[in-house]
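Construct all of the structure, not just a fragment, from the sequences and the given hints.
Residue-level listing of the chains:
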Amino acid sequence: MESFFVGATVALVGIILLPFYRVIRGPTVFDRLLAIGAMGAKTVGLVCMFGFLYGRFYMFADIALAYATLNFIAGIAVAKYFSRERSAEK
Amino acid sequence: MSLVQDIVAASLIVAGLLIMLVGSLGILRLPDFFTRTHAASKVDTTGIIFLLAGLAVFEGPTQAMGKLLITIAVIMLANPVAVHALARAAWNYGERPWSNGDDSGGRKSK
Chain A
1 MESFFVGATV ALVGIILLPF YRVIRGPTVF DRLLAIGAMG AKTVGLVCMF
51 GFLYGRFYMF ADIALAYATL NFIAGIAVAK YFSRERSAEK
Chain B
1 MSLVQDIVAA SLIVAGLLIM LVGSLGILRL PDFFTRTHAA SKVDTTGIIF
51 LLAGLAVFEG PTQAMGKLLI TIAVIMLANP VAVHALARAA WNYGERPWSN
101 GDDSGGRKSK
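First to last, the protein sequences are chains A and B. Be aware that the first sequence starts at 1, since it is given in our numbering, and climbs by one per residue. Be aware that the second sequence starts at 1, since it is given in our numbering, and climbs by one per residue.
Watch out, some of these pointers could steer you wrong.
[Unchecked claim] Interface residues of chain A toward chain B, partial, derived using beta-carbon atoms under 10 Å:
# : residue
1 : Ala41
2 : Tyr58
3 : Tyr81
I should point out that these hints are in silico values taken from the structure, not numbers from a laboratory. Positions of the beta carbon are idealized from the N, C-alpha and C atoms, including for glycine.
See the structure below:
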């Protein structure tokens, strides 16, 4: 079961790094924000997997919960900023 | 752990990983920003729900499992709302959805 978790964590890291291409190449700024938001959401799962790898999941559970909430707040803040910027340009 | 618990947990985790893979590929492959929001919000959230459910099954009935279920609830609420706010911001910014045949990939707003 231990080696299963190591394999799953490595696969999850690979999956998390995939949207980097969209961050680099994304035509609009919103593509980049979307890719970063998706990576942030997946990192919650990665934190939980690390918790199981180290055997002390009760510590990592709080980190994952806090990270999920922060990722949400950051997403809302960025969206609010960008929805205002275009009207400022006009 | 009992064998059944391991098998159920492992299958849920693998399912979660596969769904997240689909989410990531959707973000890369889909033609326009608004189509990519489908991949980032819905598919991603489902992938995380499966992954954390698998971990919860593997954890067994402890306090940490309660926190895991709360994390699942938070992500189910937060992720789609954040992506929706981003899509709304993109619409206000002047982005328009991709229509068939136009392959500018979202560069219209430049």
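Each hint, compared with the structure:
The criterion of a C-beta within 10 Å of any C-beta in chain B is met by Ala41(A), whose closest approach is roughly 5 Å, and the hint holds. At a threshold of 10 Å, the smallest CB-CB gap from Tyr58(A) to chain B is about 4 Å, leaving the interface hint in force. Below 10 Å, beta-carbon pairs count as interface contacts, and Tyr81(A) has one with chain B at about 8 Å; its hint therefore holds.
The structure agrees with every numbered hint stated previously.
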